[in-house]
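Asker: Residue-level listing of the chains:
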Amino acid sequence: MTTLKTWQELPHGGVILEAGSAAKYETGSWRTWKPITHRENCIHCLACWEYCPEDAIVLEDGIDHAGATRKFVKEVNYFHCKGCGLCVRECPVNKEGKAVALGFVRDEV
Amino acid sequence: MSNLTTGKPKIVPITGAGACAQAMRQINPDVVAAFPITPSTQIVEDFSTFVANGQVDTEFVTVESEHSAMSACIGASAAGGRVMTATSSAGMAYMWELLYVAASMRQPVLMSLVNRALTGPINIHCDHSDSMGARDAGWIQLYSETNQEAYDNLVMAARIAEHPDVRLPLMVCQDGFIISHSIQTMQLEDDKAVKAFVGPHLPYHSILDTAKPVTWGALDLQDYYIEHKRGQEQGMRNALRVIQEVSDDFAKTFGRQYNLFEDYRLEDAEIVLVAINSVAGEIKEVIDELRTKGEKVGLLKIRSFRPFPYEQIGQALSNAKIVTVLDRSASFGAHGPLFTEISTAVYNYASGRPLLMGHTFGLGGRELTLRHIEHVISESRICLDKGEVGNRQGMWLNVRGDKS
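Sequences listed follow chains A and B, in order.
Note that the numbering used here has the first sequence beginning at 1, numbered continuously upward.
Note that the numbering used here has the second sequence beginning at 1001, numbered continuously upward.
Calculated directly from the structure, the hints in this document are not laboratory data.
Glycine residues also receive a C-beta, built at the ideal position from the N, C-alpha and C atoms.
Treat each hint with caution, since some may be false.
Only part of the chain A face toward chain B is listed, based on derived beta-carbon distances under 7 Å [to be verified]:
{"id": "1", "residue": "L10"}
{"id": "2", "residue": "H12"}
{"id": "3", "residue": "V15"}
{"id": "4", "residue": "A19"}
{"id": "5", "residue": "G20"}
Same shape as in the complex, but just chain A (with noise of 0.2 Å):
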């Protein structure tokens, strides 16, 4: 949790003066639905990070069957989420119905 500023701590007319400050404002308190991996049936194909309006899916990297280098997904950050469900919803495992590598549920308030 940042400080929040006093009026005369601000500069005048709300001009922002750091770049990509907007990695600090916590967006995941207005959420009330969660997508959830399930590791074990993601082919980490990266369809919900390019989704995500938020970069909310994070990645890491790891070696595929092939012995190469790629990203595969790691988590959500709740902290950015805003639980739109894009990534639920654009997930191929999802579309095929005989599994869910992202899960959809209600958030705990």
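Starting from the known structure of chain A, arrange chain B on it as the hints suggest.
Answerer: Frame of chain A; chain B shown alone:
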């Protein structure tokens, strides 16, 4: 700019709109974005001639609407430029949304507003509905009785609006047609003297400064919106001091002293009229006449309506016995905007307790003659003798069907 005149000030016959265009030429702003509308048209027309003649270096943006004009002004100001525009009536109404954006983004955009009635029914003549409706938008509002005052206010505008303790947009208001289209003689100051007085424009976190990237106009929710608005309010409060400081320096430089308001034969006045803009000229005429007959009458003429100098005005009205306010705009179902401000000032800051009376006049250019003003003063005298305003409160003057 190479073709600045040097030398002495000139006495010139010029319209109010023409005078403001001359001030803009002398200020030579970086950007002007404007859309012509009656009766402010001559300002934009004259200025576009200065651009075409190379008399200014200004980037003149011929936009497709006033909404775009103010948007372009805000963008250009955020990019670090000194920016000016001109408009009237429905033109400013079309800027409405952006008026608030300019003020909340603390962009010192300068506007020459020529007061004109708002449509319904369509009318092109003078009243103050446009600027009075925008009084809560966060713009500094300076009013001008004459061509000279409109010109002088515009010359002072940049230094007030751009002051680091203020940093707010500012509109200089003058009466449509009555002033904007009437030729009066006035003193046009020397180009270089004006340029030296106005001084350079210092950008504030310009969006064109790629070495220090910034974000303007971001979303602001429950956690910060009100802090930003509080800062905006402080700019307005500081403006009271800065307007006076710049006005005092203007007096030292050019010899004409302005204050937050003008007090005309006020010291011993029992009856005080309060008014804005050109009608003050007629009121002064009547006051001079009545003073010769021994009537103790005076005028308080508003210059700065936003910020409103409550304390100073309240004190100035401390010795009055009756204060009669003339509003040239209507707030339907309420007293006029000037009357409510004067009442607040008197109640909180006047040591005396004068009677307060408010009238509406002049909508859509309806004239108020010397005879009407004499009538207002004699009615004020009757109220004063009776010790109450009674049913004379809230009269509309010079309206067929009403007794006045």
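Asker: Next, verify each hint and record whether it holds.
Answerer: Do the hints match the structure? See the list:
1. The interface hint given for L10(A) is met, as the beta carbon of that residue sits about 6 Å from the closest beta carbon of chain B, less than 7 Å.
2. Restraint check, H12(A) versus chain B: the minimum CB separation of about 4 Å is within 7 Å; hint holds.
3. For V15(A), the shortest C-beta to C-beta distance to chain B is roughly 5 Å, which falls under 7 Å, so the interface hint holds.
4. With a least beta-carbon distance of about 5 Å to chain B, the hint placing A19(A) at the interface is held under the 7 Å criterion.
5. Checking G20(A) against chain B: minimum C-beta separation of about 9 Å lies over 7 Å; hint violated.
The structure shown violates just one earlier hint, number 5.
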